[in-house]
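S.K.: The residues making up each chain are set out below.
Number of protein chains: 2
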Amino acid sequence: MAGRRVYGSLKSPATLKVLVNLFEHDLDFEFVSVDLDNGEHKNKHFLSMNPFGQVPVYEDRGIKQFESRAIIRCMAHEYGKKGEELIYWDAKKQAVVANWIDVEDHHFEPPALKLISELLVKPKKSFTPDEGIVAEAEAEAELAKVLDVYEARLEKSKYLASEKYTIVDLLHLPNLQSLMGTPAKKLIESRPRVSSWCSDILARPAWAKVLICRRRPA
Amino acid sequence: MAGRRVYGSLKSPATLKVLVNLFEHDLDFEFVSVDLDNGEHKNKHFLSMNPFGQVPVYEDRGIKQFESRAIIRCMAHEYGKKGEELIYWDAKKQAVVANWIDVEDHHFEPPALKLISELLVKPKKSFTPDEGIVAEAEAEAELAKVLDVYEARLEKSKYLASEKYTIVDLLHLPNLQSLMGTPAKKLIESRPRVSSWCSDILARPAWAKVLICRRRPA
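Chains A and B, in that order, are what the protein sequence lines are.
Take the first sequence: its letter number 18 is residue 18 in this note's numbering, and every next letter is one higher.
Take the second sequence: its letter number 107 is residue 107 in this note's numbering, and every next letter is one higher.
Just so you know, the hints here were simulated from the structure itself, not pulled from any lab data.
Worth double-checking, as some hints may not be accurate.
Identical copies look the same in the list; a pair holds intra-copy or inter-copy alike.
Said to hold, decoys possible - Here are the computed lysine to any residue pairs in the SDA-like style, where the Cα-Cα straight-line distance is at most 20 angstroms:
#1 Lys11 with Phe31
#2 Lys93 with His77
#3 Lys64 with Lys185
#4 Lys185 with Glu138
#5 Lys64 with Ile133
#6 Lys11 with Phe46
#7 Lys81 with Ser33
One chain only, chain A, in its complex shape (with noise of 0.2 angstroms):
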């Protein structure tokens, strides 16, 4: 195990990317399920490890890390499979990756969140249907302006940072699969570029095993 653990729970997206991340490396770990539900990502013992109180925290040799493209992006560079890094080396190379990872951050997982809680979660929660359908025109029209820069970008590079699969393109991985599950499908099945690459990506065996996990919560 080497110490290495992740206090998580499979409800949370980013929780997801930190998992999908260990299956790419093959990286032993302990998983320790934090129960969102009862407010235990909210005490004492939680908070003293991420004093902002959300999953995942991840701790690797008496390091703790609370933000989740931070973890993957270390993980990355620490155990990267010789020819199969998922970053760079190169500084050229991974200023794009460094770029992109940015820009899942602060433009594609916003609309994409918003709109996956008024599709999925808000029913769920037996709101009334129609209570959302500004926001879910909003966050729709929000999310198509990104993915038409990603069709355009997907025609330069078969990735998003580049010709090979990297940390970015796995950052969308557990929005997509969850907007896969939903009528906003259509925003990706209609972008021929975007829909192959989200085919690709979601077909990648470590992205099935997070799901096997989702399956079979611990």
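Since the structure of chain A is already known, use the hints to place chain B on it.
M.R.: Just chain B now, with coordinates in the frame of chain A:
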């Protein structure tokens, strides 16, 4: 100049972050002013550099980046002055820096920008003064919580990520400077460690250079 160019606006905190980092690294560059008031960041030429239409864009040796934290992170790795690097190469220490870069991004900047907007930007545009009272109170409460975390953090180390000044601290400069020019400075001054950290980093010569640029725009 080595083809190093910043397309930005002195009104943009993200642009100022990139500028202070260039000054910290003693790097020559050309500044290309982008007129945000006239929507120059939404014209075809600018969108060809950043499809999301935001400043800054940074160009170095033919590579263009448009996410400010990615620019700063890569610059610090590439051009660190021997013995005065603003990042680490050691994986464990860099993991902590990476984590706290994302804290500034996800926790500090959003309420800081909201509060600055309520206190500085909106009054100038002569909105009714009470319109933003609720928004202001919410942003203030949110920022106060973050600064409580910082106060506790600065008990453990002189700077946010470690004993030395890093790009984590640097990323806070433009918004700290703005906050100190508003009644929200009480949030900083009422926390002794945050207050002395803030005075310390605002006094850096590289930041003084940015303030000079801002007084005499190109």
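S.K.: Under a CA distance limit of 20 angstroms, which applies to lysine 11 and phenylalanine 46: within one copy, between copies, both, or neither?
M.R.: Classified as within; 17 angstroms inside a copy, 39 angstroms across copies.
S.K.: Given identical chains, is lysine 185 near glutamate 138, meaning Cα to Cα at most 20 angstroms, within a copy, between copies, both, or neither?
M.R.: within (16 angstroms within a copy, 35 angstroms between copies)
S.K.: At most 20 angstroms between CA atoms: does that hold for lysine 81 and serine 33 within a copy, between copies, both, or neither?
M.R.: neither (28 angstroms within a copy, 43 angstroms between copies)
S.K.: I want to check one pair: lysine 64 and isoleucine 133. Are their C-alpha atoms no more than 20 angstroms apart within a copy, between two copies, both, or neither?
M.R.: neither (40 angstroms within a copy, 38 angstroms between copies)
S.K.: I want to check one pair: lysine 93 and histidine 77. Are their C-alpha atoms no more than 20 angstroms apart within a copy, between two copies, both, or neither?
M.R.: Both. Shortest intra-copy (13 angstroms) and inter-copy (13 angstroms) distances satisfy the 20 angstroms Cα cut-off.
S.K.: Cα distance capped at 20 angstroms. Does lysine 64 pair with lysine 185 within a copy, between copies, both, or neither?
M.R.: Classified as neither: same-chain Cα gap 36 angstroms, cross-chain 31 angstroms, threshold 20 angstroms.
S.K.: Could you place lysine 11 and phenylalanine 31 in one of the four classes (within, between, both, neither) given a Cα distance threshold of 20 angstroms?
M.R.: Within one copy only: 13 angstroms inside a chain, 45 angstroms across chains, cut-off 20 angstroms.
Consistency with the previously given hints fails for numbers 3, 5, 7, ordered from lowest to highest.
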